Structures are given as structure tokens and as C-alpha cells.
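Next come the chains, spelled out residue by residue.
2 protein chains.
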Amino acid sequence: MSDRREITGFSNPTVKYLRSLREKKHRKAAGQFLAEGLRLLTDARECGHVPEVLVMASGRDPHPLLSALEADVLAAGGEVIETSPDILSKITGKSNPQAVAGVFAEFDSSLDVIKRETANIWLVAQALRDPGNLGTMLRTGDAVGAGGLILIDDCADPFSVEAARASMGAIFTQAVARASWEEFLPWLRSGSGQLVAASLRDAVPYRGAPYESPCFILVGNESQGLPEEYETACDLRVTMPMKGRADSLNAAVAGAVLAYEVLAGLDS
Amino acid sequence: MSDRREITGFSNPTVKYLRSLREKKHRKAAGQFLAEGLRLLTDARECGHVPEVLVMASGRDPHPLLSALEADVLAAGGEVIETSPDILSKITGKSNPQAVAGVFAEFDSSLDVIKRETANIWLVAQALRDPGNLGTMLRTGDAVGAGGLILIDDCADPFSVEAARASMGAIFTQAVARASWEEFLPWLRSGSGQLVAASLRDAVPYRGAPYESPCFILVGNESQGLPEEYETACDLRVTMPMKGRADSLNAAVAGAVLAYEVLAGLDS
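So the sequences go chain by chain: G and C.
Sequential numbering from 1 applies to the first sequence in the working numbering.
Sequential numbering from 1 applies to the second sequence in the working numbering.
To be clear, the hints were calculated from the coordinates, so they are not data collected in a lab.
There's no promise every hint is true.
When chains are identical, the list treats them as one kind, so a pair holds in a single copy or across two.
As the list claims (entries may be wrong) - Pairs of lysine-lysine residues, derived as DSBU-like cross-links and limited to a Cα-Cα distance of at most 35 Å, are as follows:
#, residue 1, residue 2
1, LYS115, LYS90
2, LYS115, LYS16
3, LYS24, LYS243
4, LYS28, LYS243
This one's a predicted model, so the numbers in the text were calculated from it and none came from an experiment.
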């Protein structure tokens with residue numbers, strides 16, 4: 001049934017529920033996540049993802065995209081909630097919240113969502129802890145035409161508000177899978193796919209290296225890098241110039257520089 | 001005069017002072033900034049930057065690099081403070097602080113520090129608001145052998161704990177300048193230097209574009225991008241493939257992909 005209501009109290013149970021979605025355990029229990037901002041929600045809508053609940057700040061400026069979103073939510077039997085900017089701020093945890101937020105059903109994030117034949121590039125992150133880096137990788141994946149992001153071992157939650165925000169909507173366009181290394185490697189080897197990592201071990205220059213489609217670009221944890229056994233399991237290890245004192249790049253940056261090189265290599 | 005003491009109280013004025021350095025206005029007033037972690041402080045030391053004050057958590061594991069740091073600080077007439085992990089946590093604002101932090105004098109950040117003939121690549125950021133992105137650009141600059149980072153208009157503070165941390169030590173190796181666009185452009189035009197921006201306007205493919213040394217790579221604000229007049233002032237506008245729904249990359253990612261392309265172009 002469609003529903004539309006106004007909430008004015010901070011202690012309203014719905015406010016508490018929505019706010020709880022900022023925590024991973026509550027998202028997991030509910031199977032829902034929160035995304036905010038008209039742009040992000042419009043991206044979602046254009047990709048066929050309509051929020052189950054739409055929360056709008058009272059006193060916001062009218063906007064045709066917001067009206068369209070509202071109509072879609074109501075048509076799909078979802079709920080539209082009007083509340084104060086202060087309460088919306090409490091829900092999203094941002095001091096200057098955008099005028100709208102949505103609650104979405106979490107997507108399937110099993111390896112089944114990775115259809116390797118549908119894209120030339122797939123990004124793979126191992127123990128990536130920073131939700132901003134995770135969202136940035138999704139955004140980069142969208143830009144290079146990747147099919148999605150595979151999260152190996154204990155990564156940040158792709159459905160956190162921070163990751164969704166940093167993805168700039170790519171959480172709705174990129175497939176996302178979560179798997180252990182022990183699940184991922186046999187899955188990869190059950191079909192075609194070249195596993196590539198940036199490495200200092202037995203590596204060739206990343207520029208013009210023999211990349212093959214579908215290419216799975218593996219990026220390691222922010223502080224530890226990749227475990228040695230993960231690197232040695234790769235089909236290709238490439239090295240990027242390091243002209244300064246540091247011996248590594250930010251994980252999302254390394255993934256992006258490599259992804260653009262793979263894109264150029266596969267296109268030529 | 002060398003000095004060494006122990007602080008056990010949260011309300012100690014030195015603790016309050018150190019903690020205040022997490023705020024930009026206090027850093028500016030004091031001309032000092034805070035960096036944490038043995039690795040960062042060791043990087044600083046190897047680049048000739050010895051902290052004026054070294055703060056160490058009691059009960060930490062002994063480490064030869066820490067002893068070396070301590071000796072250098074005392075030899076330079078600085079102060080060594082021992083305190084509890086809880087107080088160090090209060091100072092750095094991190095729930096799991098590293099065992100050591102240092103207070104450094106802020107560096108000169110006028111355009112005078114940019115010696116354009118000393119490097120092939122310089123990064124330039126306009127209104128970059130995220131300290132993590134800023135630190136990541138410093139780290140990338142170090143990796144590609146850039147000379148430094150020029151911050152145009154109202155950017156995040158390069159001397160914040162977050163930026164220093166994300167730079168992984170590059171805050172101590174890269175020159176950093178702050179200037180308005182009105183200061184920067186005449187300065188740039190007073191000598192050699194090619195100004196390059198990622199753009200959709202009248203742009204050539206970024207891959208194999210005619211980059212020239214010294215190449216100044218200009219990256220715009222996270223949400224607005226570059227103002228049109230800044231783009232048109234560039235000598236070269238390049239475009240990167242965008243295969244998905246989004247029309248832009250994360251600012252630090254765009255700068256890195258471009259910087260690695262410039263590096264390859266100038267090296268060949």
C-alpha cells in the first residue's frame with residue numbers, strides 16, 4: 001500500500017530505524033541501506049532502483065526530479081516521509097544534509113552477480129578498509145566501463161552512506177560481490193579471466209603489458225598491500241613507476257591508473 | 001634547551017595546546033602542525049624535518065627508529081613528552097592512535113617554494129576541499145616525481161592531521177604552495193610551464209597528448225570541477241574516456257591518471 005506521512009519528532013521509531021541504517025549490523029539485519037542526495041537518488045532511479053522509503057526535508061525547493069522520484073516511490077507502493085531538516089540531518093549524520101534520502105533494498109552481493117563475459121574489466125579489492133576508497137573504486141569502475149567490484153576478505157561495507165556517496169551513483173550501476181579469497185579463486189579459475197596485480201615481485205612494466213579480457217584488476221589493503229600468496233596467484237604482475245620515496249600509491253589511485261592502462265591496452 | 005617530561009593529566013595546558021593543533025585557526029596562529037605515526041615521523045626525519053615536540057605513549061614497544069628520533073629531537077633542542085595512550089588519543093583525535101606524534105613548524109607555502117625548473121611535473125588543485133584527496137595528491141606527486149602541489153583558491157589545509165596522514169610522508173618531500181588564481185596565473189606566465197587540465201571543452205584525448213615539461217596538471221573542485229575561465233586559460237585540455245553514466249572521476253584519481261600519462265609522455 002502506498003503511504004505518505006509527516007514526522008516531526010526526533011524520538012519517532014521510524015527516525016530511529018532510519019538512523020540505525022548508518023550501522024553495518026543494522027543494514028545487514030534489515031537488508032536495506034541508505035543513500036542521500038537528489039543526484040544519487042536520480043541516478044538510482046534511472047538505473048531502475050526505486051527507494052522503498054523516500055525521506056524529504058520540509059521547506060526544500062521544489063524540483064521536477066524530486067517530484068518524479070516521489071511519484072515513482074508511491075507508484076511502487078513505497079512510503080514518502082516528510083520531516084524537518086534537523087531530523088534529516090540526524091538520520092544521515094551530516095551537518096548539512098541534502099534535502100532528500102532514500103532507503104533501498106540491498107542488492108545480491110554473491111559472486112553470482114559477476115557475469116564475466118559482459119565486461120572487459122572487473123575491479124577486485126582485498127581487505128579495503130576505507131569506505132571512501134571503496135566508493136571511489138566503484139566510480140572509477142563506472143568510468144572505465146568495468147562490470148563491477150569484487151570485495152575479497154574483510155572490506156568496508158559497500159552499502160554504507162559514505163561508500164554510496166563516494167561512488168557518485170556507481171553503487172547502482174556496478175555489480176558488487178563479496179567473497180573470501182578461498183571462494184573467489186576457484187570461481188575465477190572456473191572460467192576465463194586474467195588476474196592482474198600491481199606488484200614489485202617478478203613484475204613487468206604496467207605500461208603496454210599484455211592485458212587480456214576479461215581482466216580482473218586486484219588491489220590490496222591500504223596499509224598491508226596484497227598478501228604474497230595472492231600476488232603469486234596472479235596471471236600478471238605489473239609495476240608502476242615510483243620516482244619518489246614512497247613505494248606505493250593510495251589503493252583507489254593504483255586501481256584507477258591500472259584500470260585506465262588496461263582500458264587503453266584492450267581498446268588498441 | 002633540551003627538555004624531557006611526563007604528562008599524566010588530560011587538562012594539562014600542553015595537552016590542550018597540542019590538541020588545538022587539530023584546528024586550522026590554531027595551526028595558523030601557532031605556525032605549527034601535528035603529524036602522527038613512527039613511519040611518518042621517520043620519513044620526516046630522513047627528509048631533514050625534526051619535530052619541535054615529540055609526544056610518545058608510555059608502554060609502547062621500544063624501536064630503534066623511535067630512539068633515533070628522540071635523540072635527534074633532544075639534540076636539536078626540542079622537547080620530548082611521555083604521556084598515556086589515552087591522552088595521545090585525545091591529542092590526535094584517533095581512537096587507536098599510533099604510539100608517537102610530532103609537532104612541526106609549518107613550511108613556507110608561498111609560490112616562492114615552487115622551483116619550476118627542478119621537476120617535470122607539478123600538481124595544481126583548485127578549491128580541493130577534502131583533506132584525504134589533498135594528501136593523496138601529495139602521495140601521487142611523490143610517486144610520479146613531481147616537485148610539489150600548488151593549492152589554488154580555498155583548499156583544505158595541507159597541514160591537517162588527515163592530509164599529512166593521507167600523504168604517507170609526502171607532505172615532507174613535496175613543496176606545497178597556496179595562492180589565489182589571480183596570483184598563480186601571472187606567476188606561471190612569468191616563466192616556462194604548460195598548464196594542462198582534464199576537460200570536456202575543446203579537448204584532445206589524454207593518451208599521447210603533447211605534454212611539455214614543466215607540466216602543471218590542474219585538477220578542479222570535487223563537486224564543481226574547474227571554473228570555465230580556468231579551463232580556457234590552460235595551454236592544453238585533455239579528455240579521459242568515460243564509458244559509464246558518470247562524467248567525472250574523483251579529483252585525486254583524475255590527477256593521478258593524468259600525472260602517470262604525463263610521466264610516460266615526457267619519459268618517452
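- Any of the earlier hints contradicted here, and which numbers? Hints 1, 2 not satisfied by this model.
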